[in-house]
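Line by line, the protein sequences are chains A and B. For the first sequence, this note's numbering assigns the number 23 to the initial residue and increments by one for each residue that follows. For the second sequence, this note's numbering assigns the number 968 to the initial residue and increments by one for each residue that follows.
Hints listed in this document are in silico derivations from the structure and should not be mistaken for laboratory results.
Here's a subset of chain A near chain B, in silico, CB distances under 7 angstroms, partners left out:
id : residue
1  : 69
2  : 70
3  : 105
4  : 107
5  : 110
6  : 114
7  : 181
8  : 182
9  : 185
Below, simulated DSBU-like cross-link-like pairs (lysine-lysine); rule was C-alpha separation at most 35 angstroms, straight line:
id : chain 1 : residue 1 : chain 2 : residue 2
10 : A       : 138       : B       : 1098
11 : A       : 138       : B       : 1038
12 : A       : 138       : B       : 1136
13 : A       : 26        : B       : 1026
14 : B       : 1106      : A       : 176
15 : B       : 1100      : A       : 138
16 : A       : 142       : B       : 1101
17 : A       : 138       : B       : 1012
18 : A       : 142       : B       : 1039
19 : A       : 203       : A       : 169
20 : A       : 185       : A       : 203
21 : B       : 1039      : A       : 138
22 : A       : 142       : B       : 1038
23 : A       : 138       : B       : 1106
24 : B       : 1101      : A       : 176
25 : A       : 226       : B       : 1106
26 : B       : 1158      : A       : 82
27 : B       : 1100      : A       : 185
28 : B       : 1098      : A       : 203
29 : A       : 138       : A       : 31
30 : A       : 131       : B       : 1106
31 : B       : 1035      : B       : 981
32 : B       : 1098      : A       : 176
Here the structure is a predicted model, which means the values were calculated and not measured. Yeah, the Cβ is synthetic: ideal placement off N, Cα and C, and Gly gets one too.
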Amino acid sequence: MNEKAVIAKRVAQLLHDGDVVNLGIGLPTMVANYIPEGMDITFQSENGFLGLGPAPEQGKEDCELVNAGGIPSSIVPGGMFFDSATSFGIIRGGHVDATVLGAMEVDEKGNLANWKIPGKMVPGMGGAMDLVVGANTVIIAMVHTQKGKPKILKQCTLPLTAKEQVNIIVTEMALMRVTDKGLVLEELGPEATVEDVIAATEAKLIISPNLKRFGLDE
Amino acid sequence: MINKIISINEAIEKVQDNMTIMVGGFLANGSPESLIDALVASNVKNLTLICNDTGFPDKGVGKMVVSKQFKKIIASHVGTNPETANQMNSGTTEVCLTPQGTLAEKIRCGGNGLGGFYTPTGIGTEAEEGKEKKIINGKEYIFEMPLRADVALLKASVVDKKGNMVFNKTTKNFNPIMATAADLVIVEAEKIVEVGEINPEHVMCSGIFVDYIVGGGK
Chain A
23 MNEKAVIAKR
33 VAQLLHDGDV
43 VNLGIGLPTM
53 VANYIPEGMD
63 ITFQSENGFL
73 GLGPAPEQGK
83 EDCELVNAGG
93 IPSSIVPGGM
103 FFDSATSFGI
113 IRGGHVDATV
123 LGAMEVDEKG
133 NLANWKIPGK
143 MVPGMGGAMD
153 LVVGANTVII
163 AMVHTQKGKP
173 KILKQCTLPL
183 TAKEQVNIIV
193 TEMALMRVTD
203 KGLVLEELGP
213 EATVEDVIAA
223 TEAKLIISPN
233 LKRFGLDE
Chain B
968 MINKIISINE
978 AIEKVQDNMT
988 IMVGGFLANG
998 SPESLIDALV
1008 ASNVKNLTLI
1018 CNDTGFPDKG
1028 VGKMVVSKQF
1038 KKIIASHVGT
1048 NPETANQMNS
1058 GTTEVCLTPQ
1068 GTLAEKIRCG
1078 GNGLGGFYTP
1088 TGIGTEAEEG
1098 KEKKIINGKE
1108 YIFEMPLRAD
1118 VALLKASVVD
1128 KKGNMVFNKT
1138 TKNFNPIMAT
1148 AADLVIVEAE
1158 KIVEVGEINP
1168 EHVMCSGIFV
1178 DYIVGGGK
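Taking the hints into account, I'd like the entire structure generated from these sequences.
Listed below in structure tokens is the structure:
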């Protein structure tokens, strides 16, 4: 399994039967491919529907049914379309159990930066600021470092998307949880050692006494 | 019955230099492409745009960005249109990035007679700069003002001659909320039908908000 598949699969295992989940663009979208059998997850798409389904077969795309990245998508039975105010009412109102997003930087206090690199790239926050504040559990799914440079920091340097909202960080190397005491290393990826994770992380890590490896075969 | 159906040329004459316009659509899904094309040809300029995003250089409201018709853009995301970034960086266009849920709710307030709202979105980020903050039940909120426009340009799938609208799938997005929040509302219809042909149970936005209907929607 490649590193992105490892991350997506571990994140999928964090979800619960019956959850309403919003997946961000890119790697987080892959989480949908690894939902354990028998688990019923309703995916929310912030452009305006519940019941986001798999990508349509080639040739069967519907240009009036797109996901939040503007890509042709599908809706499953039991889904519903709505306008943008309703969509964000669902998000801010605490009706989304979990959101999975990527990050440029995340820090040990649970601060997240993923919308702006001043002077270089200012795409905008889109729905990310609302999702991170509104969803009950915020999961960051990302490759552990950016070309070898740590992305999990003591303190974010880029403009924040949200303050102290991140709960769990999953990378190919580790699963870490943000707690009152700091960032706790709870699990190691298939090939990582504690030393590897510490070396690739700027934030101070508290090693869980129950440290284990991802149970990807479970 | 008042005849609301006008030609594209008559419609775009309602949009004049220095006006504020709202344009429906999410990454150009549900955008009034025929009206946008006619506005590009009209050379109307110094407009303020309120739209979820700036589409693409060749699709949606992004075509008007390329033809440099905006002095100010209020949007949640501009990353899919490099021309917006060019104009932002060169200082020719002011870009005001707003969290998507906040943008939707500002428009909803503008159309619903409300003086604004308190949202937790953006606390601890650049989005809170210069805004009143308040603690309600122990949680911190930012005060956001309502937003209105001179003209709203919408896209609907089916419109009856009174202006009652149906939006297919994810083309709904900002269209029905913008219908309530502008002094003049023009809807581009893919299909125009007689009054009564749309079951009242299926009308998604009332014709009372609509001033003019333009046929020929793509």
